[in-house]
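Those protein sequence lines, which keep their order, are chains F and W.
Counting from 1, one number per residue, gives the positions in the first sequence under our numbering.
Counting from 1, one number per residue, gives the positions in the second sequence under our numbering.
Because the hints were derived from the structure by calculation, they are not lab data.
From a predicted model like this one, the values you see are computed outputs, not experimental measurements.
Mixed in with the good hints there might be a few duds.
The list makes no distinction among identical chains, and a pair is therefore deemed to hold if it is satisfied within one copy or across any two copies.
Taking lysine to aspartate or glutamate and the EDC-like style, the derived pairs with C-alpha atoms no more than 16 angstroms apart in a straight line are [claimed, not checked]: (1) K19 to D5; (2) K20 to D5; (3) K20 to D64; (4) K158 to E135; (5) K19 to E31.
What follows is each chain in one-letter form.
Number of protein chains: 2
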Amino acid sequence: MNAIDNLVTLLSRLPGIGKKSAQRLAYHILESPRSYPLALAGSLSTLHDSVRRCSICGAFTESDPCPICTDPSRDASLLCVVERSQDVRVIEDAREYRGRFHVLGGLIAPLDGVGPDDLTIGTLLTRLGNDRVRELILALNPTVEGDTTSLYIQNLLKSMPLTVTRLASGLPVGGDLEYADRLTLARSIRGRIPM
Amino acid sequence: MNAIDNLVTLLSRLPGIGKKSAQRLAYHILESPRSYPLALAGSLSTLHDSVRRCSICGAFTESDPCPICTDPSRDASLLCVVERSQDVRVIEDAREYRGRFHVLGGLIAPLDGVGPDDLTIGTLLTRLGNDRVRELILALNPTVEGDTTSLYIQNLLKSMPLTVTRLASGLPVGGDLEYADRLTLARSIRGRIPM
Numbered sequence: 001m002n003a004i005d006n007l008v009t010l011l012s013r014l015p016g017i018g019k020k021s022a023q024r025l026a027y028h029i030l031e032s033p034r035s036y037p038l039a040l041a042g043s044l045s046t047l048h049d050s051v052r053r054c055s056i057c058g059a060f061t062e063s064d065p066c067p068i069c070t071d072p073s074r075d076a077s078l079l080c081v082v083e084r085s086q087d088v089r090v091i092e093d094a095r096e097y098r099g100r101f102h103v104l105g106g107l108i109a110p111l112d113g114v115g116p117d118d119l120t121i122g123t124l125l126t127r128l129g130n131d132r133v134r135e136l137i138l139a140l141n142p143t144v145e146g147d148t149t150s151l152y153i154q155n156l157l158k159s160m161p162l163t164v165t166r167l168a169s170g171l172p173v174g175g176d177l178e179y180a181d182r183l184t185l186a187r188s189i190r191g192r193i194p195m
Numbered sequence: 001m002n003a004i005d006n007l008v009t010l011l012s013r014l015p016g017i018g019k020k021s022a023q024r025l026a027y028h029i030l031e032s033p034r035s036y037p038l039a040l041a042g043s044l045s046t047l048h049d050s051v052r053r054c055s056i057c058g059a060f061t062e063s064d065p066c067p068i069c070t071d072p073s074r075d076a077s078l079l080c081v082v083e084r085s086q087d088v089r090v091i092e093d094a095r096e097y098r099g100r101f102h103v104l105g106g107l108i109a110p111l112d113g114v115g116p117d118d119l120t121i122g123t124l125l126t127r128l129g130n131d132r133v134r135e136l137i138l139a140l141n142p143t144v145e146g147d148t149t150s151l152y153i154q155n156l157l158k159s160m161p162l163t164v165t166r167l168a169s170g171l172p173v174g175g176d177l178e179y180a181d182r183l184t185l186a187r188s189i190r191g192r193i194p195m
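Chain F on its own, in the form it takes in the complex (with noise of 0.2 angstroms):
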C-alpha cells in the first residue's frame, strides 16, 4: 500500500472519518508545510506515554492524582459520576459543578456484553465508604443504557446515608417545544419547576 493509502486508512479509523473524509484530509496534510504533520506525529507518539488515569478518579491525566483530585478547594462532599473521562471536560467547561468526579469506563449495556464488573463501580463503593461524600450526582447520558446505569447504582446505595440524584433532563436552552421530542417533552413536564 502507497504512503498516502495507508494515512487515508488509518485515518478512516477515527470516529465519524469516512473515506471520503480520509482522503481530504491526508491531502490536506500533503499539501501543509512538512512542520504540521511532524508535529502532529511528535504528539500522536508521546501521548501514550504523558497521559494516564489517574488512580483516583479513572480521568486522563498527566499527574497522578489528577489536579481535580488534588484540589483542595473543591467540595470533596460532591461526587460526579460520568461514563468517559471526556465528560469531565463537558461538565468542567459549564462552570457550574465544583465537587469531584468519578469516570465509570462505559454503561451498562447487556447486548454489548459490558456488565456491571466491567466498569470502575467496585472503585466506587471504596471511595463512598472513605470519603465523606454527602451527594452523588448520577451524570450519564439520557439513554436507555445511561438510565440502566444509573438505576443500577442507586439500588446499590439504597442503604448508605447519602443523597443520589441525576441531570436533570428537559428542554435545551435556546431550543424550540415544536422541535423537542415527545419522550423529552414528557420528562420536562414531568421535571418541572416552580418559578
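Keeping the supplied structure of chain F fixed, place chain W upon it in accordance with the hints.
Structure of chain W alone, referenced to chain F:
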C-alpha cells in the same frame, strides 16, 4: 499546554474538524491501543519524504514520473486538466477516462490573490507544445473560479489545433428535478442531449 490540549489544537487545524470534533478524536485516540497513534505518527512523519509532485503532471506520487504519466496503455492524445491532485483520484475512481492529467494547483481567484501565474498554466502550454494532445478536457469545479479558469485557458489555446471540452453540468444521477437548483437545471436544459 498539556498533551491532550496540544493534540486537540493540532487536530482542529484539519479542514472540517472543529474544536468539539477534535476533542472527540483525541479521546478516541487516547482510548485506542498504543499501536494506533504510533502507526498514525509513523505515517505522518514519513509522508512528506515519500510523496512528492510528479514532474510531468503535478499530481502527488511516490515515484516520479507518476504511474499514470508513465503508463504506455493510456491515451496520450487526451489531457484532463484538474484543480488539485485529489481530483485525479476522483476521476480515476469513475473508471471512464483513460487519458492523462494535468494538475493546475488551484483556480484563478482575484479576490484571494490567485492569478494565472500562480498556477501551472505555463507547464501546461509546454506539454501541449511537445505532446500530441488532440483533446483538452477542463475538469474544473462548476463554480465562478472554475468557470473563470476554464475560460482563461480556452482563450489561451484558441490558435492551437486541439479540441477543448469541459465536463457536463446537469442533474446528478439518482437526483430529483424538484431539488435541483435553478442554475443547475438551466445548464442541464441548455446542455440537453438527443436520445
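16 angstroms Cα threshold - placement of D5 relative to K19: This pair counts as within: shortest intra-copy Cα distance 10 angstroms, inter-copy 26 angstroms.
Same-copy or cross-copy closeness of K20 to D64 [CA-CA at most 16 angstroms]: So K20 and D64 fail the 16 angstroms test inside a copy (40 angstroms) and across (25 angstroms) alike.
At most 16 angstroms between alpha carbons: which applies to K158 and E135, within, between, both or neither? within (13 angstroms within a copy, 80 angstroms between copies)
K19 and E31: within-copy, between-copy, both or neither at 16 angstroms Cα: neither (18 angstroms within a copy, 22 angstroms between copies)
Intra- versus inter-subunit Cα pairing at 16 angstroms for K20 with D5: Classified as within: same-chain Cα gap 12 angstroms, cross-chain 26 angstroms, threshold 16 angstroms.
Of the hints listed earlier, those the structure fails to meet are numbers 3 and 5, in rising order.
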